[in-house]
Amino acid sequence: MKHALSLKIGPATFRIGSAWRQPVEALAALYADYPAPSVEVADFTVRLEPAGPLRRWLRPSIFITGDHGLADAAPMSLSHGLLAAEMGMNLQMALGWRRHLLLHASSVEKDGRALVMTGESGSGKSTLAAQLGERGWRLMGDEFALLDLATGMVFPFPRLVSLKNRAIDVLAAEVREDRMGPLLAGTAKGDIRHLVPNGDAIRRMDKGAMPALLLFPRFGHQTDVRAVGQGEVFMRLTQASTNYVALGEPGFDALTHFVRNVPARAIDFSSGEEAIALVERLWEEPA
Amino acid sequence: MPPRYCQDSPDAIAACVLEDMALLYHRPSGQTHMVISPVPEILAALDNGAALTAGEVHAELARLYDLGAAEEAVPLVEAHLAELAALGLVRLA
Amino acid sequence: MSAPLLVRSLRDPGSVATLDAQGWNALIAAARAERLIGTLAFRIGKRTVPGAVRPILDDARLDADREARQALWEADRAAEALAGLDMPVVLLKGTAYAAAGLRAGQGRFIGDLDILVPREAMDPVEQALLHAGWEWVKDDPYDDAYYRQWMHELPPMIHAGRDRMIDVHHTVLPLTARQTPDAAAMIADAVPITNELCMLSPEDRICHAAAHLLADGDLAGGLRNLWDIYCLLDGVDAAALDERAARHGLRPHVRQAKRLAAALYGKGARLTAWDRIVAARLLARDGWGRERRKLLRFAFYLRSHWLRMPPAMLARHLFTKWRKGHRPV
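Chains as they are written, first to last, in the working numbering: chain A, 1 to 287; chain B, 1001 to 1093; chain C, 2001 to 2329.
If you're looking for bench data, these hints aren't it; they were derived computationally from the structure. All C-beta atoms in this analysis are idealised placements derived from N, C-alpha and C, irrespective of residue type, glycine included. Check each hint, because a few of them may be wrong.
[Said to hold, decoys possible] Not the full set, but computed from the structure, chain B residues with beta-carbon under 10 Å of chain A:
hint: 1; residue: 1014
hint: 2; residue: 1031
hint: 3; residue: 1032
hint: 4; residue: 1036
hint: 5; residue: 1039
hint: 6; residue: 1041
All chains, full assembly: derive it from the sequences and hints.
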């Protein structure tokens, strides 16, 4: 394709092709500090194509596809090209990755142990992970946690953090301006700005950690902490995994091992500061 | 004749016990089933490979557990067996 | 173009030794797009490949293994659901190849479960499947009527608990097609795989695959169908096949499929002008896995509908589809 770029994020390499220059340039700028892929054979191909024969020039709109794609994916405006590229990579991981159990979860690490947070979009897991990543924790990822099938360790997938709406200002106040991507206004999910993970997160993106705590955060409720039964944890994690069924029995073994060994809590909070204090307290509590 | 049920094959199911339930991974279908008592016990009663009726499964279980009156318990066992057969976890012999 | 590279690698897996990184990227993208990545992985086997390629091929093998297992389970469930009807359940396509351990099934992508049943049994089959947990996929009355009136199958059904589709065919081409394969003869001559399941005879397997490839479709995904045919031809008597194809009115299709299979995957063949156009359509994919030659593809889309339907019906069908936002490209 006319414009192309290769990226390595955690264990996965991507070859991204685009009919337009802008999305590739935006990616190159924000992923500038990531190590270049050491081999050029990519795990996945992502394609940003014109949504119709004339849509390369006329009201350009992007159809996101690649090795794996959704036939009915809605096209996106070229001004949201960076988001389209990120979604394209996420799509490949969600549909095609088989080397770990993929959990739709954020994760951070401290003292060699990982905290995994999962919940619906809007639960605050992404913002919370990004904030912890600026306060002494290592950000492992805001979207996917990769559970190793043999060792039970969690591995990072530290792509750009996708900050939405109110979370944008919260993080913009904490990090240097050059770590923030352009404002993408009016996307299907509202305003979005990407945050480049800090140097520690990028340098150690191949380093896994044993999971020590699982949280189900929920933003917008009065502070509360509840235990969650193993059966419910198992059910919620299968729903949060895009490849549990595809992995078959190794996925079953890895997930049951996780559920039986990692303590789980549901936490409610009404502000970021409250959530951070809660996480730090739970982290210090003996399991 | 009441229907007889048997296991599909001895290694068709991988089981994992959690605090509040058991998980069954069914190898031929790749499906995971979440079950609670008495389903694991019913499956265990078929472990020796025999084809049993609901009454015989009940008799087997009654040796180990207190199931209450047979006239109430046997239809329950029968319903569970029919459900398990529909899922493919046991077969009609 | 990467489809010729894919074809070469399937024909001669040793040839991948010469690929550079760009070559591998093109090959993998084409193989995924044509749903032949599992077959490719199987063909390459344990040959030395670059370190980054090995896990991609291993993943593809695992996916194919799981698909075969699930396909066999679906066949088992369908057989159980239809056990009371006292009729043969004939597996078609990928599930049949996997169940019988045929070479065409090695690493093959398997989508829906396809079965062939006698036309007069369609109603009881439909009832038995509904009773066993399958449901209609679409509730669009236009599509439903279209399927029932003109197609060679029930509207697709999906099993609510397992999320898997079944296509129940009573013949192998739509009723509107010009060729009329003898489905009753196909069922009568089916061969057993297990106690409950059978598949078409070796000759009929090829007739069916050729009909599917050349008389029924717009050739999308055709490289995989042609690979099936290439594998199925192995060991089949040419004269018996020709005779059987004639009986089904499919002789030109089977002969063309043989030429194309030999040209692309085998020792080569002399191609006609029309063969070359079909081959160009089959090979229209670039190094990013994109389909090329849009005009040629659209021509085949129109052709595939023209083959199946009288022109006025076609116009009506396309209009109804387009109004709902469906596009052929």
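Hint by hint, here is what the structure shows:
1. Hint status for residue 1014 of chain B: holds, given a least beta-carbon distance of 6 Å to chain A, under 10 Å.
2. At about 8 Å, the closest approach between the beta carbon of residue 1031 of chain B and any beta carbon in chain A falls short of 10 Å, and the interface hint on this residue holds.
3. Hint status for residue 1032 of chain B relative to chain A: holds, with the closest Cβ pair at about 6 Å, below 10 Å.
4. Below 10 Å, beta-carbon pairs count as interface contacts, and residue 1036 of chain B has one with chain A at about 9 Å; its hint therefore holds.
5. Annotation: interface hint on residue 1039 of chain B violated; nearest CB of chain A at approximately 14 Å, more than 10 Å.
6. The beta carbon of residue 1041 of chain B comes no nearer than 17 Å to any beta carbon in chain A, farther than 10 Å, and the hint placing it at the interface is violated.
Violated hints, in rising order: 5 and 6; the structure is consistent with all others.
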